[in-house]
Structures are given as C-alpha cells and as structure tokens.
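Enquirer: The primary structure of each chain is shown beneath.
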Amino acid sequence: GQQVMQIPQYQHVQEGEDFTTYCNSSTTLSNIQWYKQRPGGHPVFLIQLVKSGEVKKQKRLTFQFGEAKKNSSLHITATQTTDVGTYFCATLGGGSQGNLIFGKGTKLSVKP
Amino acid sequence: DAGVIQSTRHEVTEMGQEVTLRCKPISGHDYLFWYRQTMMRGLELLIYFNNNVPIDDSGMPEDRFSAKMPNASFSTLKIQPSEPRDSAVYFCASSSGTSPQYFGPGTRLLVL
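Chains as they are written, first to last, in the numbering used here: chain A, 1326 to 1437; chain B, 22 to 133.
Excised from the complex, chain A in its bound form:
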C-alpha cells in the first residue's frame, strides 16, 4: 500500500530561523494534505495540494507539491514559538476511499 516517509523526525530551531519538513513517496500521490498538532492537542488540517508542481502559501508557511507528485514540503519562514508542534503529511489511501495514510510527523521545537 501507499506510504509516505517524512523527514526529519525532529527539528530544533532558534526563533527566527527557517524550518522545512519533507514528505516523500515511492509512488505517485493523488494529493497531499498537511496537518499540525500542537503539544497536547489534536491534528488540525492546514492545506491540501493536488496539482503537480503546486505551491500554496499561508502567511509564513509555504507548501509545495513536486512535479512528479511523489514528494512535498512545508517551509516555515522565520519561525515563531507559536509554530511549535508536530507537522504531519498525509495522502489518500487509494481508490475512492476517504482514509488517509499519515507520515510519522516532524516534531518542531523553537527556542526563544
């Protein structure tokens, strides 16, 4: 079945530094969704990418979907302490089913 590998597993940055997490698959993905989970919270949907080469921005967050639709990235510019949490990528399980295959997540910590 489909799998998505996410790297790095952990990232520690100084406030103001940039941060990037990567999501990779050996197969072509129909879409990529990104979620954020704050410490002690629940995963919250951030964005969905469906088109080859698609780039979307949300304030300091930039999401990209690779040309081959086998990888995606989330880049945060000038991190803030509010960015702390775990970022998950996920993709649809296949067919017409609505289940998602989640990556293991990248846990971001930001030092003030």
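Just so you know, nobody snuck in bad clues.
Residues on chain A that point at chain B, a partial pick, calculated with CB under 8 angstroms:
{"hint": "1", "residue": "Q1358"}
{"hint": "2", "residue": "H1367"}
{"hint": "3", "residue": "Q1373"}
{"hint": "4", "residue": "L1417"}
{"hint": "5", "residue": "F1427"}
Derived DSSO-like pairs (lysine-lysine); straight-line CA-CA distance at most 30 angstroms:
{"hint": "6", "chain 1": "A", "residue 1": "K1381", "chain 2": "A", "residue 2": "K1436"}
{"hint": "7", "chain 1": "A", "residue 1": "K1432", "chain 2": "B", "residue 2": "K45"}
{"hint": "8", "chain 1": "A", "residue 1": "K1429", "chain 2": "A", "residue 2": "K1384"}
{"hint": "9", "chain 1": "A", "residue 1": "K1381", "chain 2": "A", "residue 2": "K1395"}
{"hint": "10", "chain 1": "A", "residue 1": "K1432", "chain 2": "A", "residue 2": "K1384"}
{"hint": "11", "chain 1": "B", "residue 1": "K45", "chain 2": "A", "residue 2": "K1429"}
{"hint": "12", "chain 1": "A", "residue 1": "K1432", "chain 2": "A", "residue 2": "K1376"}
{"hint": "13", "chain 1": "A", "residue 1": "K1429", "chain 2": "B", "residue 2": "K89"}
{"hint": "14", "chain 1": "B", "residue 1": "K99", "chain 2": "A", "residue 2": "K1429"}
By construction, these hints were calculated from the structure, which means they are not laboratory data. Quick reminder that beta carbons are idealized off the backbone N, C-alpha and C, glycines included.
Fit chain B to the known structure of chain A by using the hints.
Expert: Chain B in isolation, oriented as in the chain A frame:
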C-alpha cells in the same frame, strides 16, 4: 459547528475493566475514523466507517477492541478487557468524502 465531539477528555481505568470511548462526528460527514496515538507508535488508524459501515478494521490491534457506528451521529470504540499497553490518546475524526479530516480533541486513556 461544534466540530467532532469526544466529550471524555481523560479516562482512567484499571486493567481488566471494560472501557468505552464515544464520538459524535460533524453533521453531514459520511466518514468516521478512530485513531490511536502513542509516543512509540505515532498516529495509527484503527478503523474507519463510511455511511456507518465499517470499511477497514485492519488496524484494530486485537479482538479486545471493537467499534460500532449505530447511526450517522454516534460511534463507540470499546476495549474489553483493557490492558496497560492500551494507554494512549484515542482520536476520532470525520470527513465528507475525500475532503480533509477533522479531528476531535481526543480521549487520553490510562489503564492502571
């Protein structure tokens, strides 16, 4: 919109006891998912329903776990008998078709 409701945020029980977790999905959503999250294993999909019908329960750890969805607005996840290794955060999520999933706040289960 109230979002996905998991009214019990913390549940403490003793080994061997039955525990039932409850979830109310977002009205109109036709998919419901049960996840378990631990530090060691990350976010695991246990089972999901489409239009109240279980579609894939391959993630259910063993026969001690069972889930039901008697109607479109309610689902339960039961563990009987519970064991200490079942201690985790259990999330319920719902979605409409292949749209993003909306997670409930989770129930943190501790089995002593």
